[in-house]
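*Asks:* Below are the chains, spelled out letter by letter.
There are 2 protein chains.
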Amino acid sequence: MMTHILTLWGFLLSATSICVVAAAAPDHSAVKPSTREGGWMKRHEQFNQKVKANQGNIDLIFVGDSITQGWEGQGKDVWEKYYSHRKPLNLGIGGDRTQHVLWRLDNGNIEGIQPKVAVVMIGTNNSGNDRNSAGEIVDGIKAIVSKLRRKLPETKVLLLAVFPRGEVFNDQRGNILQVNQVIRKLHDGEHVHFLDIGYRFIDKDGTIPRAIMPDFLHFSTPGYGVWAKAIENKLSSLLGDSPVNVPNARINGAWTFSIGGPNGQVDSSMKLKKNGARVYGNIAMGEDREFELLNGGIFANHIEFTIRRNRPQGGEAIYRFTGSLEGERIEGEITAEMDGGKITQEWSATKN
Amino acid sequence: MMTHILTLWGFLLSATSICVVAAAAPDHSAVKPSTREGGWMKRHEQFNQKVKANQGNIDLIFVGDSITQGWEGQGKDVWEKYYSHRKPLNLGIGGDRTQHVLWRLDNGNIEGIQPKVAVVMIGTNNSGNDRNSAGEIVDGIKAIVSKLRRKLPETKVLLLAVFPRGEVFNDQRGNILQVNQVIRKLHDGEHVHFLDIGYRFIDKDGTIPRAIMPDFLHFSTPGYGVWAKAIENKLSSLLGDSPVNVPNARINGAWTFSIGGPNGQVDSSMKLKKNGARVYGNIAMGEDREFELLNGGIFANHIEFTIRRNRPQGGEAIYRFTGSLEGERIEGEITAEMDGGKITQEWSATKN
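Just so you know, the sequences run in chain order S and P.
Residue numbers in the first sequence follow my numbering, run continuously in steps of one, and reach 378 at the last position.
Residue numbers in the second sequence follow my numbering, run continuously in steps of one, and reach 378 at the last position.
Bound conformation, chain S alone (with noise of 0.2 Å):
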């Protein structure tokens, strides 16, 4: 016993001193600031001027890429409602990578503004095609949210977990998670506020539903009513006004469906149900003829879904039907492709 006692003691007489190797700082591709090709940097220059001529004008930005930018588009209705009277400034670019950010920050971005809130979701594009490791990608938001930090000192960060995508589970959306369970540690509750809306783009059975992200990346209208309802309270809060609120649409219920046909308007019976953005119900013809809704999605008064149909002569039609809900009357235009043309009629409704 007595040799082993020896033995522990010695380490401490025989040791050298250990010294703390330092953490290298990273050196990656999705750190260093970089540009792009195409329409970028034209886009990146309209940013600049649009900053230049709001200078104190501005109270809200959104720090993105393709599904920031799409607040111009299917977001528009949205964004109209949420955001219009906030002095807001869209900073998305489609297919930016955290590096073309980081570029865009240096660069005249946000100069001279001192917005409340910057409202942060990127990274997805960083992702897939083994582009970036899950640390990567963690590293170019983090550098993100300290430049945002160090230039805008006084502006508070939203950063939002990374979206999923993709229709089912799949390996992308595994490492988009390993990235959102370390940056929510960014969350300081102070100048950072970290949340993770994500869960709220899939079904229970974890497939994310057309009617809010047609092709499982981007948002559809409802989609981005979505983001914008689960963001609101804490957007609110940071700075400090009142929550938006957009009154539920009364969709639930019978309505009369119409359609003009060759030989006049063709009234037929429609079901509608809302759950949350999404949806349901049917359209019936006759007796033995009925559409089920497809992809339903709404967003206060802008409703869309998808109906489906085997052809007589083979092949499926889609027929996308889009309306805007005024009081108890939905007026709206059909969208098909045939036969390689477009055919688009309208349509109306009224409540029973």
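Treat the hints with care, since some could be wrong.
Because identical chains share one entry, a pair is satisfied inside a single copy or across any pair of copies.
[Stated by the list, open to error] BS3-like mimics (lysine-lysine), calculated; alpha carbons at most 27 Å apart, straight line: (1) K211 to K260; (2) K255 to K300; (3) K230 to K58; (4) K230 to K177; (5) K255 to K211.
Bear in mind the hints are in silico, worked out from the structure with no lab data behind them.
Since the model is a prediction, treat every value here as computed from it, not as a measurement.
Start from chain S and add chain P according to the hints.
*Replies:* Same frame as chain S, now just chain P:
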């Protein structure tokens, strides 16, 4: 244009009714109740005996696998402080997958008891080695929650996100996180409460510290401390009692470290710093020898850390320190494996 209207109109007249296909009940290993070999049945029957002997006297159950079973091992001290006064029962069996828990719930483990809360963390053993897909694990967890709800309608289920595993980012973690993103949707705020505390077990670079999970799957005592602390407010609110308050150990600062040597006690200086459940610091010997404390953890008055040294004769020696803190004194044991033998020695420290 008339042709187009005719064509579009035609779909309403020519279509046959669309059948809604009902979702089939899942049918795969993760949802098929099954037993296991080895000591499993014995432990299962011990549960049944405890349950029979304590009818009406069990308020809190933990349902799970080895990570839950470990409350009886490394988690013992934490269990004692947080749960022993709450009429608890540990229903964890090492290696269990969802299907084994399903079998146990039907075969006596919850028969005749009415716990107030069931803490559930299960599914990690279904993951990896391509055992079950993320979707199948979701099914398994859903089936367990449904069974608990049906058999114990008055019991509130505190469903925990499956914990991360593996030292660094890895596909298995990604799969588990996809499971978590879906099972959080089981949260109804009334009977089922979902809590995701997994991020608390990983570091800012995504690694799991050994101080929390020495094997990157199972917890150390401080790891169980992190778990207990993270669910305490929620658990206490579900139980309707007062949150347990475990005072923070006051270990920050300078200490005098003592160890017996061949010529009597030798003192040296030690610095300790606590951050959450982790302990950092060093032990200095003379002027040029300093040992960094590695993988340090603390829960309440239980402290542990590791010291490594390169031996003069080659190879590395690892010394594991454990200790109990009482007031401003630590008393503990050092264990080292060396030359095939195991060496144990006492150590102590007092605050300067």
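*Asks:* With reference to the structure, classify each hint as holding or not holding.
*Replies:* Verification of the supplied hints:
Within a single copy, K211 and K260 get their C-alpha atoms as close as 18 Å, and across copies as close as 20 Å, so both meet the 27 Å cut-off. Within a single copy, K255 and K300 get their C-alpha atoms as close as 16 Å, which meets the 27 Å cut-off; across copies the closest is 40 Å, which misses it. In this assembly of identical chains, K230 and K58 lie within 27 Å of each other by CA distance solely across copies; the values are 20 Å between and 38 Å within a copy. For the homomeric pair K230 and K177, the shortest alpha-carbon distance between copies (23 Å) is at most 27 Å, but the shortest distance inside one copy (41 Å) is not.
In this homomeric assembly, K255 and K211 come within 27 Å of each other (Cα to Cα) both inside a single copy, at 24 Å, and across copies, at 17 Å.
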